[in-house]
Each structure stands twice: as C-alpha cells, then as structure tokens.
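2 protein chains.
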Amino acid sequence: MATDGALSAFVPGHVTVFFAPCRRDEPARTGSVGAGLTLDDGVSVAVEPADRTVVTLNGEPIEMEPVDRVLSNLGVPSHVSTTTSLALGAGFGVSGAVTLGAAVTANHVTGGLRSENALVRAAHEAEVQSDTGLGDVVAQARGGLPIRLKPGAPPHGALDGIPASARIEYVAFGGLSTSEVITGDTDELVSAGERALSDLRERPTLARLFELGRRFAREAGLFTPRVEEAVGAVQAAGGEATMAMLGETVVALGTGLTDAGYDAAACQTHPSGVRLNLP
Amino acid sequence: MATDGALSAFVPGHVTVFFAPCRRDEPARTGSVGAGLTLDDGVSVAVEPADRTVVTLNGEPIEMEPVDRVLSNLGVPSHVSTTTSLALGAGFGVSGAVTLGAAVTANHVTGGLRSENALVRAAHEAEVQSDTGLGDVVAQARGGLPIRLKPGAPPHGALDGIPASARIEYVAFGGLSTSEVITGDTDELVSAGERALSDLRERPTLARLFELGRRFAREAGLFTPRVEEAVGAVQAAGGEATMAMLGETVVALGTGLTDAGYDAAACQTHPSGVRLNLP
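Going line by line, the protein sequences match chains A and S. 1 is the number of the first residue of the first sequence in this note's numbering; add one for each residue after it. 280 is the number of the first residue of the second sequence in this note's numbering; add one for each residue after it.
For reference, chain A alone in the conformation it holds in the complex (with noise of 0.2 Å):
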C-alpha cells in the first residue's frame, strides 16, 4: 500500500448524507452542520519529507491544492503517496482524507510536537481556503457516524455521533462539484440542512438519518434522475438508501443496492477516525 519505508495513515471515507454550509471569516470557523456515514473503505497515506510536494493517487501524479496548502503550513513539503478504492469527486471525502492523513502523517515524521485537534484544524482550514471541503476532516477525525452539530474545526466546532453501526453498500455514477454548489446560492440547501439537523437530533437512528437525508436532497434540489432511480429501487425492495453530497452516488443500508440489483460495493461504517500505522 504505502512507498516502502515512508510513514503512512489510514484515513476512512466520509459520506455527507444532509448539510448546511456556514462560512465565517476564519477558516477555522467556517464549516458546515450536518450528518454522514464514516467508512472503512478509505485512504492510506504515506507520507515522505522531500523539496516540494507530489501527491500521487493509486501512483499517478494528481493536483490537490489542500494538501499543499497544509504541507506548506506545517513546513514539511513531503512526496504523498496515496491508495484508495474510492473515487475522487464522487462524494466520498477522499480530499479530506488525503489532507487530514498527510498532516497526521507528516507531523509524526517530524518529532510529532502538534496535537491532534492542531492537527485536525490546519487539515479543516486547508480544504476551507482550496474551496474543497467543508465537514469531511473533522468527520474523519471522529471516526463512526457523526453528527456536525456547530461547524469548524477545533475549538470552535462541535460534533455528536448516532450510536450504531452498519454494512454500507455505494454505488458511484459520476461526480459532482462541491465548490460549485458550496460557494454558489445556498439559501435553500442551508434551510434544508438546518431543518433536517434539528429533526435528526430528535431522534438519532440510522433509519431516520436516510429519510432525512432523501427530504434534504429533495428540498435541496440535489437528486439527478439517475440518483432518484436508484435510491427509488432500493425502497422499492423495502431498503434504505439516500445520495452522497456530493456526488452522483448513492449509499444504501446493508444489502440494500444488492437487493434492488445493482452491482454495488461494499463496506462497512468505520469505528474510528484518522489514525497512524503501527511502524
């Protein structure tokens, strides 16, 4: 998985399921409420001190503005070396993952002398300033099924979890651009979020998470046809499914996509955030 010798963390996938974006002055502070699922299937990461930074992803040479960026604040420019199954841009938090993974990776390469929430706000900060991401990190950090219930990083940001886990089927049909419909109007998506954050903490269950998060895509105006078709299928078959924001990508409970006949991956919820490999 990792380049032979480097240092390397796992880092799991996260899927929003509804949000609310809140940006403030600070990037800190900036940041969004909302839910999702943390998956074991996720993101390994290597990390190597070298001149300037080179992300690879499955050994390809890729740009990704907010591991620069944090690299670059935690003065330690490093050859990162990333594998995972999941597709990037699909709605899977794989740029979070590869921020957050190089900060924890690249801080222990160099005497470790930063703390984990240090840690957690330079990744946060980094994909608030690239425009990228707005809840994966800290979701990542925590690891389980978190709840996003005041936004940004530590100090500022607040988080709660739904206490359950669960076999997660996905499947990716495309992507979608989260800086385009997380820096446009959100009047309607921050309403939405809101409401199903407040009716989500009424009653904090897996089941009522995916109702919610279908209303949220509805009310949001976030379903493509091909998305509704499948999350329709599955509660068809009488199982639980709802989109990833954001991407063209739907998330089913337990055999659920299987179940409606579609080829689908998968997973299971992952107990814990970012965390370094044993040496």
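A hint or two may mislead.
With the C-beta cut set under 10 Å, the calculated list includes, among others, these residues of chain S facing chain A [what the hints assert, rightly or not]:
| hint | residue |
| --- | --- |
| 1 | P300 |
| 2 | V383 |
| 3 | G423 |
| 4 | A443 |
| 5 | A515 |
Just so you know, the hints here were simulated from the structure itself, not pulled from any lab data. Note that the Cβ used here is the ideal one computed from N, Cα and C, for glycine as well.
Once you have looked at the hints, place chain S on chain A.
Only chain S this time, still in chain A's reference frame:
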C-alpha cells in the same frame, strides 16, 4: 464472551497518567483534566433487559453502583454480563467501561433514541454521582491517547489527543481506592495535574506523557514503593514507564517492563472509543 443472544459493546480500558479533579454542582460539569492511554485490553459488555439490574464480571455477580444508576436513568433495568482480562480497582477504568458499555448497549436494545453524547453524559454523571471516576468515561468514548482539556461530559468537557499509537505493557500489583483520593484533600494533586497538562500541551508526545506522569506521581505523593521500584527499573533498562491513576499499577511503552525483567501483560493503544458489536 457475551451472553448468547444479548447485544454487546466493546469499551477500551483507560489508564489515566496524570489528572486534576474538578468539582462543580452539576455532575455533567464535574470531572477532571488530564491525559492517559486507552487500551485494546478492554471490557465486553452484553445487556439483556430484565426486571432489575444485575451485573456479572467474568461470570461472578458484582455490585456496580454507577451501572445501576445509569440503567435506572435510562429506564432500562438489565442483566449486564461483562468479561475482561483487566483487574478491577487497579486503574484501568473498568467501572467506567461497564457503565458506558451498558448505557450504549441498553440504548440500542430499546430503539436507539439517544445520541452518543447523551449516552456519554449519562454514564459520566453516574460515575461522578457514585464517586467511582471523573474522567474515564469521556476518554473511553473517544479512544486513542486522550487529553482532557476541560472537565465534564458533553457539551461541557473538551478533549484533544496525542497523535500516536503504541504497544503498552502493564503490571498490576494491587488496587488503590479512587474514591479516597478524589474525595480527600486535593490541593497538591490539582496543582501538579494542571502543571502537567500545561506542559503536555506544549509538546504532546508519548515520551513527554510518560515523563510528566512520573513527575505528577512524585509531586502528588502517589507512588507506592513497589510502583516506584518498577518504574525505576524500566527507566534503568532504557525504557519509559509510569503509574496508572489510580491503582498500584505500572504501564510501560513497548517492551519496557519485559526488558526490566517483569512478567507483564501487553496490548496496544486503542484507536477508537466504545463501539457496539455488529449483530
């Protein structure tokens, strides 16, 4: 492990390395600051609703006041069947683990109407009201190497972490009463604990955690002769060791106790907090 057919949770062990108790009127605001290690040697907790709460530990009936309390507060009296290789009253947070595991599992059995934060809070309050612990529950809900920045349960407490993982060895010589130490005169303890926290935040590394633990134990007058001897022997052999708060227990990094000639148990730090076992 668990009773056949009962739902179960795993809760990591937790060793506090240093702490400062902090009492307020509300149990949810009462707690401790400090730092420690969660361990993958933990407690498996299975729950079946019953007419009244009965707790067994490795098959033997046992009185655990905070478990009675939390299940009474949640309205789910249960048969709680727990298994662990950890010694009770020796500084591994067994009482907090059973209380938190019972809360999370009982919630699931009854439809899962509470969030993770609400369950952590209920378990923390039960420990505080029973004088059995001030910081284990919030650490065991988080996992990793928790730093308790602000005392209390969500939403009052605040946590950070040391971004590391390690093999840990331990030897338990005997028990110390948590309740006697945390309800007695605590001025020395508080100032030593707060100083250690401040110094750890300057440099949040594993080696520093152990160094500050030794300083805290010495300043707070908590070392017993055989603990001090074992810690000294590990250091003389080139290792890192300190005392578990509160037990007559020594924890060491890596193979520290074995290298010093002790017959020690070994485990790893645990990446996550309490989790329900998948059915």
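So, going through the hints one by one against the coordinates:
1. The interface hint given for P300(S) is broken, as the beta carbon of that residue sits about 22 Å from the closest beta carbon of chain A, more than 10 Å.
2. With 10 Å as the threshold, the beta carbon of V383(S) comes within range of chain A, its nearest partner Cβ sitting at about 5 Å, so the hint holds.
3. Interface restraint check for G423(S): the shortest CB-CB distance to chain A comes to about 7 Å, inside 10 Å, so the restraint holds.
4. Against a cut-off of 10 Å between C-beta atoms, the interface hint on A443(S) holds, since the closest Cβ of chain A lies about 6 Å away.
5. The interface hint given for A515(S) is broken, as the beta carbon of that residue sits about 25 Å from the closest beta carbon of chain A, more than 10 Å.
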